[in-house]
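4 protein chains.
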Amino acid sequence: MNVSYKRKVNFYETDAQGVVHHSNYPRYFEEARGFFLESINFPYPDVREQLNIDIVLLELHIKYRHPLFYGDTFEVLTEFKMDNRYFFRFFYTIKKGNETVSTGETKHCCIDRSTRKMVPVPVEIKLRLK
Amino acid sequence: MNVSYKRKVNFYETDAQGVVHHSNYPRYFEEARGFFLESINFPYPDVREQLNIDIVLLELHIKYRHPLFYGDTFEVLTEFKMDNRYFFRFFYTIKKGNETVSTGETKHCCIDRSTRKMVPVPVEIKLRLK
Amino acid sequence: MNVSYKRKVNFYETDAQGVVHHSNYPRYFEEARGFFLESINFPYPDVREQLNIDIVLLELHIKYRHPLFYGDTFEVLTEFKMDNRYFFRFFYTIKKGNETVSTGETKHCCIDRSTRKMVPVPVEIKLRLK
Amino acid sequence: MNVSYKRKVNFYETDAQGVVHHSNYPRYFEEARGFFLESINFPYPDVREQLNIDIVLLELHIKYRHPLFYGDTFEVLTEFKMDNRYFFRFFYTIKKGNETVSTGETKHCCIDRSTRKMVPVPVEIKLRLK
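Protein chains in written order, with our numbering: chain A, 1 to 130; chain B, 131 to 260; chain C, 261 to 390; chain D, 391 to 520.
It is worth saying that the hints were derived from the structure and are not from the lab. Everything numeric in this text was worked out from a predicted model, so none of it was measured. One or more hints might be untrue.
Said to hold, decoys possible - Per label pair, the in silico range of CB-to-CB distance:
| # | chain 1 | residue 1 | chain 2 | residue 2 | range |
| --- | --- | --- | --- | --- | --- |
| 1 | A | K81 | B | N228 | 56 to 64 angstroms |
| 2 | B | R195 | A | D83 | 49 to 57 angstroms |
| 3 | A | N41 | B | N228 | 53 to 61 angstroms |
| 4 | D | T463 | C | L389 | 25 to 33 angstroms |
| 5 | D | E514 | A | L129 | 47 to 55 angstroms |
| 6 | C | H326 | B | T233 | 37 to 45 angstroms |
| 7 | B | T245 | A | I111 | 25 to 33 angstroms |
| 8 | D | D473 | C | K355 | 46 to 54 angstroms |
| 9 | D | R475 | B | F199 | 29 to 37 angstroms |
| 10 | B | I241 | A | L58 | 48 to 56 angstroms |
What the hints assert, rightly or not - The calculated lysine-lysine pairs, modelled on DSS-like cross-linking and capped at a C-alpha distance of 30 angstroms, are:
| # | chain 1 | residue 1 | chain 2 | residue 2 |
| --- | --- | --- | --- | --- |
| 11 | B | K138 | D | K485 |
| 12 | A | K81 | A | K126 |
| 13 | B | K136 | B | K247 |
| 14 | A | K96 | D | K497 |
| 15 | C | K341 | C | K367 |
| 16 | B | K237 | C | K386 |
| 17 | A | K6 | C | K377 |
| 18 | B | K138 | C | K367 |
| 19 | D | K396 | A | K107 |
Built from N, CA and C at the ideal position, the CB exists for glycine as well.
Please build the complete structure, drawing on both the sequences and the hints.
Next comes the structure, spelled out in structure tokens:
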């Protein structure tokens, strides 16, 4: 399953090099994850409320190939993969037209919002990803 | 009482116009408020924990006179004034050397962290400002 | 002319009070201005390139009435008004359903991108706003 | 050479999980890089002006071990390593007291500010790192 999230560059995301500042890419990835969860009908606010969990980011890896400029339109292609019952990953490809601007990967687990302890990935999430 | 908070411009705070993006000024003001509360020995994390209140921002006014650039050092001069028992204001002047870069003002009240209702400004805060 | 720009709250825009941090509102306003310029068929990247000007922010005023939360959908209603041949303002109302979350106002002028000096508002902009 | 950069968490860097949002870590790393360059007497604004280059980020890797909270003080320990004549890396360890909060790594090259083409790492930089 590969979900495409479309987005425009905002001016406040640029820096004095004239391009999107690299710290915005983790934010684009987060938006794409949110859109991914919506596309399986389980938006993150519902995940938090209904399952009483927070999804925590453990690792972040990004390769920057080409810059994004103010006014650019791009899409983030997102895939999901379970590592084991506790850990899972999202994989991202940012495309501007046919050009691959950036690729990235995040590793996550779930924690109980009350105890802040790690819990297995809820079956409610895994079922929707089948 | 006029407290001076010194700061350097970070690269990620610039935009494609080559200057600090205007949305960072409210963040500089917030840092200056935090420093102000520390300088009266009542840091905001203590305010939140000990008094169980959040300080809420109601209004924000900023005049931008001159730009800030990457590498600039500046200071934020901060003053505090009670409006009445519920409302208070901070006044800010951002200076780069003798040049006034920006002036600003914020209006605040306090809310109970549990009920999210407005409460009078705690006497513990007012006493320290005398 | 009143342009409506629709937006969702991103998680990274929230703070430890559980609501959208106030420094994001100037960013929402900037997005709404950009959308306003697109809706008169003169997107800001074109303004910058074709007229060789930057639109500069001189003043920012915001009133915060109700918080925005992660997952909220809101719209920014934007209006434009000339002050005189050099200065103009945008007025913003952020609505969540029928609730007015925030109102704001920004004052601007245009500067030549090469000289960084103020120039009258280009007729190309004024004509499209008639 | 291992440079320590000290920093406090700002409130606007927290998110609705009550911790520092992960997208701020690349910003902390950038601040630490800037401080590293200052500590070898070659601040980045000088690098940009005197050598007419921009330092570009090619890769970013972060492991998040423990959260940072509003009010926390932390240090970023930064090391530098040449890969070859074109590429170099910074390695970061974020410490809160004795606790390792996060580790990270960035890969960079230099580009000519006029042509935007990659150039070898200027000898002026390499000399100061000896």
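Checked hints:
1. Between K81 (chain A) and N228 (chain B), the C-beta spacing of about 58 angstroms keeps the proposed range 56 to 64 angstroms intact.
2. A hinted range of 49 to 57 angstroms for the beta carbons of R195 (chain B) and D83 (chain A) is consistent with their spacing of about 53 angstroms.
3. Here the CB-CB span from N41 (chain A) to N228 (chain B) is close to 59 angstroms, well matched to the stated 53 to 61 angstroms.
4. Distance hint check: the CB atoms of T463 (chain D) and L389 (chain C) are about 50 angstroms apart, inconsistent with the given range 25 to 33 angstroms.
5. Separation of E514 (chain D) from L129 (chain A) is about 52 angstroms and conforms to the stated range, judged on CB atoms against 47 to 55 angstroms.
6. A beta carbon spacing of about 27 angstroms between H326 (chain C) and T233 (chain B) contradicts the range 37 to 45 angstroms that was offered as a hint.
7. A C-beta distance of roughly 27 angstroms is found between T245 (chain B) and I111 (chain A), which places it inside the suggested range of 25 to 33 angstroms.
8. For D473 (chain D) and K355 (chain C), the Cβ-Cβ distance of about 52 angstroms falls inside the hinted range of 46 to 54 angstroms, so the restraint holds.
9. At about 31 angstroms, the beta-carbon gap between R475 (chain D) and F199 (chain B) stays in the expected band of 29 to 37 angstroms.
10. Checked against the hint of 48 to 56 angstroms, the pair I241 (chain B) and L58 (chain A) fails, with Cβ atoms roughly 34 angstroms apart.
11. The hinted pair formed by K138 (chain B) and K485 (chain D) meets the criterion: a straight-line CA distance of about 22 angstroms does not exceed 30 angstroms.
12. Among the hinted pairs, K81 (chain A) with K126 (chain A) is consistent with the structure: their alpha-carbon atoms are about 10 angstroms apart, no more than 30 angstroms.
13. For the suggested pair K136 (chain B) and K247 (chain B), the alpha carbons sit about 34 angstroms apart, so the restraint of at most 30 angstroms is broken.
14. Proximity of K96 (chain A) to K497 (chain D) is assessed by CA-CA distance (about 23 angstroms); at most 30 angstroms being required, the pair is judged to hold.
15. Taken as a hint, the K341 (chain C) and K367 (chain C) pair is honoured in the structure, with Cα atoms around 10 angstroms apart against an allowance of 30 angstroms.
16. A hinted pair counts as satisfied when its Cα atoms are at most 30 angstroms apart, and K237 (chain B) with K386 (chain C) does not qualify at roughly 35 angstroms.
17. The suggested pairing of K6 (chain A) with K377 (chain C) is violated, with an alpha-carbon distance near 37 angstroms, which exceeds 30 angstroms.
18. Of the supplied pair hints, the one linking K138 (chain B) and K367 (chain C) holds, its CA atoms being roughly 26 angstroms apart against a limit of 30 angstroms.
19. For the hint linking K396 (chain D) to K107 (chain A), the alpha-carbon distance of about 28 angstroms falls within 30 angstroms, and the restraint holds.
The structure fails hints 4, 6, 10, 13, 16, 17 (numbered hints given earlier, in ascending order).
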